[in-house]
Amino acid sequence: AQRVTQPEKLLSVFKGAPVELKCNYSYSGSPELFWYVQYSRQRLQLLLRHISRESIKGFTADLNKGETSFHLKKPFAQEEDSAMYYCALHGSSNTGKLIFGQGTTLQVKP
Amino acid sequence: ETGVTQSPTHLIKTRGQQVTLRCSSQSGHNTVSWYQQALGQGPQFIFQYYREEENGRGNFPPRFSGLQFPNYSSELNVNALELDDSALYLCAATLGGGSRSEQFFGPGTRLTVL
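Note that the protein sequences, when read in sequence, are chains A and B.
According to this note's numbering, the first sequence is numbered sequentially starting from 1.
According to this note's numbering, the second sequence is numbered sequentially starting from 1.
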C-alpha cells in the first residue's frame, strides 16, 4: 500500500536551532517525493522535490530508499519558517495523484 | 500567485443535499485534481481530470463526480451529502499534461454539512 507517515504533529524549536521534519513512505516502485508548505492564511505550495536536489529557503531533503525516508532539514530555523509542512508521494501511475502525510506544524520560537 | 481560484470560500449544507464547488485556473493548466482535506489531516486525492476526461480516481464513492471545461474551469459535485463530507476541498492545476508536473493549489472551499 502507498502511504506517507509524518510521525510528529508538532515540532517546536527556537530560532537558530536545527530542524528536521520526519517523513517515511511506503511504496514498492520508484516514488517521487515532495515537501509542500502552507504558511498562515496562505495556500498550499510546493517547497521542494527530491529530483531537483536543490535547497529552497535553506531547506534540503534527501531521499533514502533504504530507510524509505525523505526527511526535511534546515540547519538554522527562522521565525518565518513557522508553517504546516506536508510530505507527499507521487507514484508511477500516469495520473498526478499525490499521497500526503498528515502534516507537521513547525513552530519556531524567538 | 498561482492563478488558481475556487468558489465559494465557505459553504454550509444539510445532510442529503447536493453541492457544486468550482475551480478556475489559467490558460495551459490542462490537468486539474481535486482533494479533500479533513480537519487535522493531509489532503486526500479524489480524482483528476485531463482534457475534460477523468484520469484517475481515489477511494471516493460515485456520489463524488466532476467536470472539466475547455476554459480551464472545473467543478466538483457531491450528491447525498453526509456529515463526514465536512472538509476543506482543494483543487490543484497542472501546466500541460505531465503527470509529475508541479501542482498549483487553490485556496480551498470549506464545506460544512449539518
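Hints in this document: simulated from the structure, not taken from any laboratory.
Glycine is no exception: its CB is placed at the ideal position from the N, C-alpha and C atoms.
Fair warning: there could be bad hints in the mix.
[What the hints assert, rightly or not] Computed footprint of chain A on chain B, listed as stretches where at least three residues anywhere in the stretch have a Cβ under 8 Å from a Cβ of chain A:
no. : segment
1   : 50-62
2   : 65-73
3   : 76-87
[What the hints assert, rightly or not] Here's a subset of chain A near chain B, in silico, CB distances under 8 Å, partners left out:
no. : residue
4   : I56
5   : G58
6   : G66
7   : T95
8   : G96
9   : K97
10  : F100
11  : Q102
Hint validity - A:G58 Cβ closer than 8 Å to any chain B Cβ = violated (20 Å)
Coverage of the segment 76-87 of chain B by chain A (three or more Cβ within 8 Å) | Since 0 is below three, the answer is violated.
Against chain A, does the segment 50-62 of chain B show at least 3 residues with beta-carbon separation below 8 Å?
-> That given contact holds, which follows from 3 residues of the segment 50-62 of chain B lying within Cβ reach (below 8 Å) of chain A.
Using 8 Å as the Cβ threshold, decide whether A:F100 counts as touching chain B.
-> Constraint on A:F100 satisfied, holds at 3 Å.
Should the interface hint for A:T95 be scored as holding, given a Cβ-Cβ cut-off of 8 Å against chain B?
-> holds (3 Å)
When the least beta-carbon distance from A:K97 to chain B is tested against 8 Å, hint result = Holds, because the Cβ-Cβ distance from A:K97 to chain B comes to roughly 5 Å (cut-off 8 Å).
Given A:G96 as an interface hint, is the shortest Cβ-Cβ distance to chain B below 8 Å?
-> Given a least distance of 5 Å, the restraint on A:G96 holds.
Hey, does the A:I56 contact hint survive, CB to chain B under 8 Å?
-> Since chain B brings no Cβ nearer than about 13 Å to A:I56, farther than 8 Å, the hint is violated.
Okay, the segment 65-73 of chain B and chain A, do three or more residues pass the C-beta test at under 8 Å?
-> With 0 residues closer than 8 Å to chain A, the segment 65-73 of chain B misses the three-residue bar; violated.
Given A:Q102 was flagged as interface, is its beta-carbon under 8 Å from a beta-carbon of chain B?
-> At 5 Å from the nearest chain B Cβ, A:Q102 passes the 8 Å test, so the hint holds.
Any CB of chain B closer than 8 Å to the CB of A:G66?
-> Since chain B brings no Cβ nearer than about 23 Å to A:G66, farther than 8 Å, the hint is violated.
Comparing the model with each earlier hint shows violations of hints 2, 3, 4, 5 and 6; every other hint is respected.
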